[in-house]
Amino acid sequence: MATAPTLLGHNQLVRPRQPGSTARRRNLLFDVAGISPTLALYGAFLVVPTLFAVFLSFTNWDVIGPIKWAGFGNWSRFFSDPVAHHSLLVTFELAGLSWLAQTPLAMVLGIWVAGTQRYRAVYAAIYLVPLLLSTAGLSIMWEDLLFPQYGGLAWLGAHLHMAFLDHNWLGSQDLALFTIVVIIAWQFVPFHTLIFQAGRRAVPATLYDAATVDGATVRQAFWHVTLPQLRYSIVTSSTLVLVGSLTYFDIIYILTLGGPGDTTRVLAMDMYNTGFTETEFGYASVLATVLGLLGIAVAAALVRWTGFGSMEGGQEGIW
Amino acid sequence: MVATVPRRPTEGLGRPATAPRRRRAPAPTLSGVRGRSKAFRFASFLLGTLWLVVVLGPIYYMVLTSFRDSTQYLTANAWLPTGSLTLSSYTAMFHGSGIGTLLRNSAELAAGTIALVAALSLLAAYRIVRRGSRFSAVSFRVLLFGIAVPIQAIVIPLYFITTKLHIYDRMYGLVLVTATSLIPVAVLLMVNYLRLVPRELYDAMAVDGANQRTVFLSLVVPMARPVLAVVSIYAGLGAWNNFLLPLILTQSNNDMVLPLGLYRFATNSQYGINVPVVMAFVFFTMVPILVLYIGLRRQFVKGIGGFALR
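Chain order of the listed sequences is A and B.
Everything in the first sequence is counted per my numbering, starting at 1 for the first residue and increasing by one.
Everything in the second sequence is counted per my numbering, starting at 320 for the first residue and increasing by one.
Honestly, the hints are just simulated from the structure, not real lab data.
Glycine is no exception: its CB is placed at the ideal position from the N, C-alpha and C atoms.
Take these hints with a grain of salt, some might be off.
To be verified - Per label pair, the in silico range of CB-to-CB distance: (1) A:GLU278 x B:VAL540: 45 to 51 Å; (2) B:VAL373 x A:VAL303: 21 to 27 Å; (3) A:GLY73 x B:PRO607: 46 to 52 Å; (4) A:GLN149 x B:ASN587: 20 to 26 Å; (5) B:PHE364 x A:VAL63: 52 to 58 Å; (6) A:GLU278 x B:GLY402: 44 to 50 Å; (7) A:VAL63 x B:ASN587: 40 to 46 Å; (8) B:SER356 x A:THR206: 34 to 40 Å; (9) A:TYR119 x B:HIS414: 41 to 47 Å; (10) B:LEU375 x A:PHE222: 39 to 45 Å; (11) B:THR368 x A:GLU278: 47 to 53 Å; (12) B:LEU375 x A:VAL213: 50 to 56 Å; (13) B:SER571 x A:LEU293: 33 to 39 Å.
Could you put the whole structure together from the sequences, leaning on the hints where they help?
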């Protein structure tokens, strides 16, 4: 692998001598001046809200009245609440199914599209289009495509004698979650394809030359060269799929509102309902905190496994 | 006077940066390994093409449907442009949806977010890369943590805080919060780029007697132009397509943005029932981004990939 600079790239360079305390103080001054505006926004709209979410989970608040301390009341309710447990279950189902639907497919497509053939670059450019669309737009597009009886899929079913295509995809208790998984995959597989494409391009050609010299078959080269070389891409992609689907909200809000019944009511949806519909913001904050902890835990695992914080990974696919 | 400013930070580092139009060394393909069969190639071609159809199919259906009227929608071939196509859905959309206000609001949100994110993250990243004090190092670590916080988990406090600050249901309030949600990744992208600038350039300018302002405006800003484009696209897409934050932080029609307006339109009992008009609306919101994408594909790839591509 080509040597890439570490995140704070001047590590390897000689650290400049600090020419006295005046210069040091001036540097500090410039740093404060340059970074403070960013930190101010970040503090006000990210750090404070994060802490405040945890605080609110120990209170009862209905927007109109004052915020009342509730101790561990909301938390003990969470641990014995079958509704919340079901939401957690659906959330994990969505995350698992999304991983299965997205990561392997994106890996195959990414490796394929990383090839040098010109038409594959065109394919890659078109693959990206779903990422340009707003979630609201593409959800509504899919809703009408899947509409029972009148939608495009139902039309195909009726005219090509493929009756299995005509279902109430979003309105059936058995199908809704799978349909949501497919729509989410349609939106995000391109993103992960991008990750694998960059990862595959960063694999040095010499490794394949060596494999050829050793008489490796295509399959052996894949298992012993490509796959191990793609491990960072695999971990990055998997983590982002998991974090993304553990906290998923938009498509579900737009298309099913958690229904039919509670079949697609993920944790984020449950949190929204509890807070903004039933105005139980204290208990909703418990759900939000759980959501945040899940996301941060998975992201922390990413940092652990890939050394993300030190940015050892190759940069060559990108800049 | 000021030292000559190289166009690319990596000049002299032996690492080609973004441009001149990087024609990468051809990526090695597995075909270098003997034994790849024609059948295998064909199978992977089929899979790639199948996915292309899956990507384009729904979009094609939407565009085709948008050129029908509500009668044809029920009777005509759903996948082939048979019968007479019409623009009536588009005229209906312009009359019934208040789309002018929505467009203006979305443009405001995107422009404000881009300006704020680009300016703040460049300034911060420059100081972080200079490594002048512990303050910048600690700030960077703190900012990176923000990438891990899912925005869904903090919408309730955001609702509370914006209400208390009287910026709830205000466009600039929405801009501030949207920008903040994008800043951590933007800073990371900027830092990753600027750290490739050789320290000697700053030092040379300092020796020439340039002050901080001059260094920033005539060295950092010009050099950061490629990454500024990428960050702007990242921020612009994040703002233009955002649904959750406008849903939580705005209420009135005056401040409604496109994705939210589209959702309300499609679920409205009067208009939503007319599928071609809804499809025209969806397609209309996509067009600006698609046009930009055709012109700026490479920057889009980096902007979309964000920190995941490294």
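Here is what the structure says about each hint:
no.: 1; hint: A:GLU278 x B:VAL540: 45 to 51 Å; in the structure: holds, 49 Å
no.: 2; hint: B:VAL373 x A:VAL303: 21 to 27 Å; in the structure: violated, 33 Å
no.: 3; hint: A:GLY73 x B:PRO607: 46 to 52 Å; in the structure: holds, 49 Å
no.: 4; hint: A:GLN149 x B:ASN587: 20 to 26 Å; in the structure: holds, 21 Å
no.: 5; hint: B:PHE364 x A:VAL63: 52 to 58 Å; in the structure: holds, 57 Å
no.: 6; hint: A:GLU278 x B:GLY402: 44 to 50 Å; in the structure: holds, 48 Å
no.: 7; hint: A:VAL63 x B:ASN587: 40 to 46 Å; in the structure: violated, 26 Å
no.: 8; hint: B:SER356 x A:THR206: 34 to 40 Å; in the structure: violated, 24 Å
no.: 9; hint: A:TYR119 x B:HIS414: 41 to 47 Å; in the structure: holds, 43 Å
no.: 10; hint: B:LEU375 x A:PHE222: 39 to 45 Å; in the structure: violated, 29 Å
no.: 11; hint: B:THR368 x A:GLU278: 47 to 53 Å; in the structure: holds, 48 Å
no.: 12; hint: B:LEU375 x A:VAL213: 50 to 56 Å; in the structure: violated, 42 Å
no.: 13; hint: B:SER571 x A:LEU293: 33 to 39 Å; in the structure: holds, 34 Å
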